[in-house]
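Enquirer: Each chain, letter by letter, is given below.
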Amino acid sequence: MNKALTSSQIKARKKRCNAQFIVGLGRASAGAVIFSLPLLMTMEMWNLGFYIEPLRRALMIVLSIPLLIGLSHVFGFEETFGWQDDTIDAFVALTVGFFCSAIILYILGVIKGDNSGQELFGKIELQMIPASIGALLAQSQLGSRDRSDGDEDPDDNAATEEKTTTYWGEIFLMAVGSLFLSLSIAPTEEVILIAFSITKWQGFQLGILSLMLMHAFVYVVDFRGSEKPEHPVSRGSIFLRFTVVGYALALLTGFFVLWVFGRTTGMSALEISMITVVLGFPSAVGASAARLII
Amino acid sequence: MAKSQEKKKAKRAELSESTPALEWIFAISGMVLVVMMLSFIGYNALKEDETPPEIVIKSTAIKANGSGFLMQIQVENNGATTAAALNVEGKLMDGDKEVEASTLTFDYLPAHSRREGGFFFAKDPRSFKVELRPLGYQEP
Numbered sequence: 027m028n029k030a031l032t033s034s035q036i037k038a039r040k041k042r043c044n045a046q047f048i049v050g051l052g053r054a055s056a057g058a059v060i061f062s063l064p065l066l067m068t069m070e071m072w073n074l075g076f077y078i079e080p081l082r083r084a085l086m087i088v089l090s091i092p093l094l095i096g097l098s099h100v101f102g103f104e105e106t107f108g109w110q111d112d113t114i115d116a117f118v119a120l121t122v123g124f125f126c127s128a129i130i131l132y133i134l135g136v137i138k139g140d141n142s143g144q145e146l147f148g149k150i151e152l153q154m155i156p157a158s159i160g161a162l163l164a165q166s167q168l169g170s171r172d173r174s175d176g177d178e179d180p181d182d183n184a185a186t187e188e189k190t191t192t193y194w195g196e197i198f199l200m201a202v203g204s205l206f207l208s209l210s211i212a213p214t215e216e217v218i219l220i221a222f223s224i225t226k227w228q229g230f231q232l233g234i235l236s237l238m239l240m241h242a243f244v245y246v247v248d249f250r251g252s253e254k255p256e257h258p259v260s261r262g263s264i265f266l267r268f269t270v271v272g273y274a275l276a277l278l279t280g281f282f283v284l285w286v287f288g289r290t291t292g293m294s295a296l297e298i299s300m301i302t303v304v305l306g307f308p309s310a311v312g313a314s315a316a317r318l319i320i
Numbered sequence: 619m620a621k622s623q624e625k626k627k628a629k630r631a632e633l634s635e636s637t638p639a640l641e642w643i644f645a646i647s648g649m650v651l652v653v654m655m656l657s658f659i660g661y662n663a664l665k666e667d668e669t670p671p672e673i674v675i676k677s678t679a680i681k682a683n684g685s686g687f688l689m690q691i692q693v694e695n696n697g698a699t700t701a702a703a704l705n706v707e708g709k710l711m712d713g714d715k716e717v718e719a720s721t722l723t724f725d726y727l728p729a730h731s732r733r734e735g736g737f738f739f740a741k742d743p744r745s746f747k748v749e750l751r752p753l754g755y756q757e758p
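If you're matching them up, the sequences are chains A and B in order.
Quick note: the first sequence uses the working numbering, first residue 27, plus one each step.
Quick note: the second sequence uses the working numbering, first residue 619, plus one each step.
Calculated from the structure, these hints are not laboratory results.
Positions of the beta carbon are idealized from the N, C-alpha and C atoms, including for glycine.
All the pointers check out, no bait thrown in.
If you only want the chain B side, here are some residues facing chain A, beta carbon under 10 Å, derived:
#	residue
1	Pro638
2	Leu656
3	Ser657
4	Phe658
5	Gly660
6	Leu664
7	Glu666
8	Ala729
9	Ser731
Same shape as in the complex, but just chain B (with noise of 0.2 Å):
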């Protein structure tokens, strides 16, 4: 029983000694962590610009997909704002006449932000003029 009560003695004698080194560096950069996170955030607090959601829509691939065709895209937001329950549509257009039309929602689009999607098509979008466009959102 002593044995042991001499032990926690000493441990917290050796906790009260100058501390390692190496616990410095751990908390040097703990803070050099912390403070440039909390700082970035900070920053942009202060210069806070509270644009509305702005969206572009890039088609980046299409391939034959089974029955019919797949069109891959990447939908970006350059706004501040995020986007949630964003509606976009493709539409694939001969001249005037709408051909065929698919929609596709994103549950929340940050700012800044991209995230990538895809259009079913039963015709090959390549050989129509495709029209993508966003429809609406909601504030998160």
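Okay, chain A solo, but in the shape it has when bound (with noise of 0.2 Å):
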């Protein structure tokens, strides 16, 4: 992977990197905006900028710095050769998502000119969030193939995928998947509608129905396309390792995301764990697709 370069390759590059950049800039921005054009204009997600508890707000924003420069580790805005380049590849992303955001919902009307500043801030640092890993995930999806250097290395193509084959890179991307469809979900009305309205027993059946979508998605997974393993690795070992610990992922998630927005507060333990199992439900879809898609 490190090759030496002659000085005037390391400046055609170096010039060929910084109009990459900008082309990247704009991949980004059409990533942010795609992943979180649907919160943008989900009515309850404007409100929960200011009325949910400045801590658990500020938490859940400190929080997506490192979730940021994890997924920056796995992906990457451009080829990033170690943590440093990583986080800035992440306050990139969040700068992204913020300016995207902040002109989407000015237009929108959400947000104008003479707001408070708590009102302005709140409204947009919560969108921040989703638009910021579009924006990284976008750079991934729509970018990286596209590298037209005429020395690119093969193996750096190896490389990434070798880092998305770990088991914590699994693990990590389900967590990804999973916290951004509960993100998209849990601000509405219908998670807790539904919580209420429906039996226990239904309740339970969803929890087992999705362990089993999970379980079905893990093997599409794992025997995608060609790639089929020969080594024998059980039934029970996988389903306990990538099933279980991503559903379980899946409920942390939505349990963490529900209760940044508030929306645990004096619930009695049973009406949380609905709540949970019903979010758990897009979470679990969106851990799987993770894994899938990306």
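Join the two chains into one complex using the hints; note that each chain is given alone, in its own frame.
Expert: See the structure below:
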């Protein structure tokens, strides 16, 4: 992966890199908009920005930073050569997310010039998180294929693929997928409405269904194309290590998002379990889909 | 090209070797969480008692507010069903005469849960007898 370059090659590469960076920013903005548009046009998200407890809001934003750094490590804006680069890319994604959300919210009339600072930032801050995830992912999906330097290293693609096929890479992807879907669905009233209208038995069935769905997805991923595993990993092992861990992650992310949005205050343990299981369903689908799609 | 294919094979081989302890710890904790959650719901599903909402209203604080007064209340639902569109009323009584009344609506008050709200009054609730009662609800 490390090749010696002549100084003129280095200069040419830098020039191409700057141009590529601008193009990359454009792609990132596109990704940010695609990922955050459903939330940008969701009424509950606008209000959540300033009525959820500021501490919880801050916690969510703070936690999104290591998430983005991790994502960047696996994909990245450009070839990243270390955690420093990943951190920079994460903050660039956040900035892109911030500005894209702000512009769209302004055009939609959700924020106005005469809003108080608290309202302005409150509304934009939360939207920034899915937007920044989209910004990072857009780069990986739309960008990295298109690297037309003459000196492209085929091993780099293999390296990226390696990072995503390790166990921890998969788990991380599942966490990102479930966080994204949880964020998109949790603010809406329908989650609690469903949890309140269904019977506990239906809630239990939803949990089992989520587990089964995840397990089916795991097999689709593992046997994708012609990559049939010849190794004798038992089904039980796969079930425990991927499906169950994935669903536990989906439940935890769902619960965390519900907690940040203040949907769990004052509720009994049983009711909290019900809304977590209801949100856990899309969350689990998101976790599995992330492994397939990303 | 051959090098990256070799790397792929090595990675797959690594996956097939005995999985490291940390992965098993994750797997076991995940299983515990999922089993606990689902069995908790399942257990409650079995002993389901669909008692209707039972509303208890408590005044928690009375403060001067703007040009009038604010009485903060806490509403609890001790039943096993969620009450939606729950209307709650606060009346200030002088003997048998109603002096002032305020109403408030909660979108949802889940089972065994509590929510908070407040009534605005023009007169000081502390100088009157206060009656707090639920008026009606809807099943979600």
